[in-house]
Amino acid sequence: MTSHAQAMPTSRRPFLAEALEWITTVDHKKIGIMYLVMNFIFFIIGGLEALLVRTQLANSNLKVLDPQTYNEMFTLHGTTMIFMVIVPIWAGFANYFVPLMIGARDMAFPRLNALSFWLLFFGGLVMYSSFLAFGDGGRPQLPDAGWTGYPPLTTRLYSPGPNIDFWILGLHLLGASSLIGAINFIVTILNMRAPGMKITSLPLFVWSMMVTSAMVLFSTPSLTVALSLLLSDRHFGTSFFIPAQGGDPLLWQHLFWFYSHPAVYIMIVPGMGVISEVLPVFSRKPLFGYDFIAWSSVFIAALGFTVWAHHMFQVGSSLAVNTFFATASMIIAVPTGVKIFNWIATIWGGALDMRPPMLFAIGFISMFIIGGLSGVMLASVPVNWQVHDTYFVVAHLHYVLFGGSVFAMFSAFYYWLPKITGWRLQNGWGRLHFWLMLVGFNLTFFPMHISGLLGMPRRIYTYAAGQGWDSWNLMSTVGAFLIAAAVLVFLINVYVSARKREPAGNDPWGGATLEWATSSPPPEHNFDEAPTVKGRDPLWLLDRPEGSAGKRARA
Amino acid sequence: MVSFETPSIFNPASFEAGRIDALFRFILIVATLTFVLVEGLLFFAVWRFRNRPAEAAVQVHGNTKLEIAWTAAPAVILMVLLGFTFQTMGEVKAVTGGNVLHVKAIGHRWWWEFRYPDLQIVTANELVAPVNTVVEVAVESVDVEHGFWVPELFGKVDAVPGYTTRVRFTPTEIRNDYYGGQCTQFCGRQHAQMRFAVVVRSAAEFQNWAALMQRPEGGPEVVSGGAAAGRELFLTPTSQCIGCHTVADTTAVGVTGPNLTHLRSRGFIAGGVLANTPENLKAWVTNAPGFKPGTVMPSFANVFTPEQVNDLVAYLNTLR
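Note that the protein sequences, when read in sequence, are chains A and B.
Residue numbers for the first sequence follow my numbering, so the first one is 33 and each next one is one higher.
Residue numbers for the second sequence follow my numbering, so the first one is 1337 and each next one is one higher.
Please keep in mind that the hints were generated in silico from the structure rather than gathered at the bench.
Some hints here could point you the wrong way.
[Claimed, not checked] Restricting the straight-line Cα-Cα distance to at most 20 angstroms, the calculated cross-link-like pairs of lysine to any residue (SDA-like) are: (1) 95(A) - 1429(B); (2) 566(A) - 556(A); (3) 1440(B) - 348(A); (4) 1401(B) - 381(A); (5) 566(A) - 1429(B); (6) 1429(B) - 323(A); (7) 1429(B) - 380(A); (8) 1429(B) - 366(A); (9) 95(A) - 1457(B); (10) 1440(B) - 1457(B); (11) 230(A) - 1338(B); (12) 1401(B) - 566(A); (13) 1429(B) - 349(A); (14) 1429(B) - 348(A); (15) 1429(B) - 327(A); (16) 95(A) - 1397(B); (17) 95(A) - 1525(B); (18) 1401(B) - 355(A); (19) 95(A) - 1418(B); (20) 1440(B) - 318(A); (21) 95(A) - 1395(B); (22) 95(A) - 1339(B); (23) 1401(B) - 353(A); (24) 566(A) - 1543(B); (25) 95(A) - 1627(B); (26) 1401(B) - 95(A); (27) 1401(B) - 351(A); (28) 1429(B) - 1413(B).
[Stated by the list, open to error] Some but not every residue of chain A turned toward chain B, in silico, with C-beta under 10 angstroms: (29) 182; (30) 334; (31) 338; (32) 397; (33) 413; (34) 420; (35) 493; (36) 499.
Ideal Cβ placement from N, Cα and C applies to all residues, glycine included.
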């Protein structure tokens, strides 16, 4: 392959021309970068909201935030992190890397691709612009009913302000963005693979995006329907969710969780894909049990549609209903366990390269194990009656979505940013980032298991002294600031690395997949000639004759 | 805020909470063993194979027998956990005959109302129950969704408007203090300050309490001085009190706020947040939103003079 290092624009173009270029681009790589930048900005905003929440809860009876502001902060923290960070950041990585990894020149529908980014952009803006509208009390109001938005609290009677309308419309746009992206990924992966790349030898990140896109396709309409019915209740006189007029608040819960449980897998399965890419490369050996890992994702996705009512064990469903959903929820631990054992077997006997992408991948596995085990506890209905809606659940979901998805996100940043920018990230800062984040994360979220078991409900803006909750909460708050420090270290790393500009080369890690066969950053057309693929780990197959030892680290 | 003893799920004080506690401890042990095994494997592998030369890596693609084994083993463990789960679900929900005390818990923003339909008792913030008796609580809501939970006595159940959900508990321990409870389903601005308590008493004490609760208000003849003036003020429609509150056998029949008929017998006011002392009552009557911004009870700071508040509280103190 020829080097395209000279393809980097060296002369400064006028700002307006540059901006116009980005705004109108349909290039999957530029769109991918815009996704990642925007999602990271929202990650910081959502993180600052979390810091405010943690500060208010650092001790009993604090008055850092008034109750209304507290409710707005935890609502926006959840909504932002789920809908504007974790769900779309995988679309960001996938936009950049799915075409590269399958040897394509772009996504199947470049214009739709731009549309899904801009819907996301404006969805986020709409969500946050509700502070422009004044609600009751004559002060600016942000959405304040939790990311789950249960009616009747969100109906006009109890939420008369426009903030909930902004929340609904913002989510509508984010949902549409997600759906359009999913269709685009499916068509791209099915139709635009390089010659020789079979669907059964897809890189696992691409496979996981295929599975995730299918989940998005089947689940998101349910959220769209729920939001539309709620909007209609609020403004057009219907009463789908208003019990006084014959409506049913539980209908919302079913529709909402029929989306939002699969959404958990929409947020974690691409992360599992990243881990399945990183582990073999940094262990210098092929993934152990490709088929089991690949098909377990499909099982997780399918079962993910049969477990939604485990969020509703406390609404008084019949024994039969609860039995079904408990069984399905427990079974889903089986394919998850398969992945974990296969990942450990991949590491086993390897030659581990302990640079930051690998550190975060190992961090992912070890934290996700904890989230998985607390998930099994939650599937046990009577235990769920005790711990549901407490800080135990807050701990559980953060072990899955932070210990899982966010650790995978940083693994992906360290792994792929050199390809995007053309320069390496500093290993020293990366290690500091990892260890600070691991310690901060556990200090924040492990004590939440205990405060939950000691009876602390979630979403409360304050609590009385002397209930045994104070010290656990203080630990969580200290940990939250450590996490913030870790994110700061990451930003410093990016800044320092950008100043140093140590060239990454085409393939800094000895990668197995096609994105490492082109220059860093890749040229606009990705590949000078369409690569031909002979099987899984295509670059390693090129590199060594059948049966010889593994590829050596080239970095 | 008044504090309750730590409402830990590890201190079960009812048959039902005891069964769930046993189930939880069993799952916790299984989970801890799994945790140690799997994290141990992971960290051993990382430690053993770190920073080796690339040539040392063993090039294997998988092992079907091994993979089937670690698919099947977790499945078996999970089936055992499911078995215990189903057994406990049956034990906790089973309907036992005989002596059942029926209570209705009604969620309001932001306090709990308790009704004993068989005993004609209406109270708030405190559920009083006799020890070793099956208490069946029918949970409802008049506004938004709430969650009803006392960790030491029973797992939570949601109050969903339009539905009646049920939870059952059989208290096994008399406690001189309270069992703390709290709303668990986010219900708006003062979700954090929607608390309540359960009081578990001996059968005899419960009978005494019930008899007390069934007595009517004393009427004008038992109050005198400031309390008499307070009574008159309370019952004057323009004072707004009776628009929301009920006092049995008077013209006060409001239903928005808590029934005040036997207010002095309760430990808490303001949704289980303030201790029921004359000072707190005065402060609450004067400016309730100062304690709970968003509460339905308005501020009367510019309506009543401090003397009138004193009179009102003197009257409320006669409601024993």
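| request: Go through the numbered hints given earlier and state which of them the structure violates, listing their numbers in rising order. | output: 1, 2, 5, 6, 7, 8, 9, 11, 12, 15, 16, 18, 19, 20, 21, 23, 24, 26, 27, 28, 30, 31
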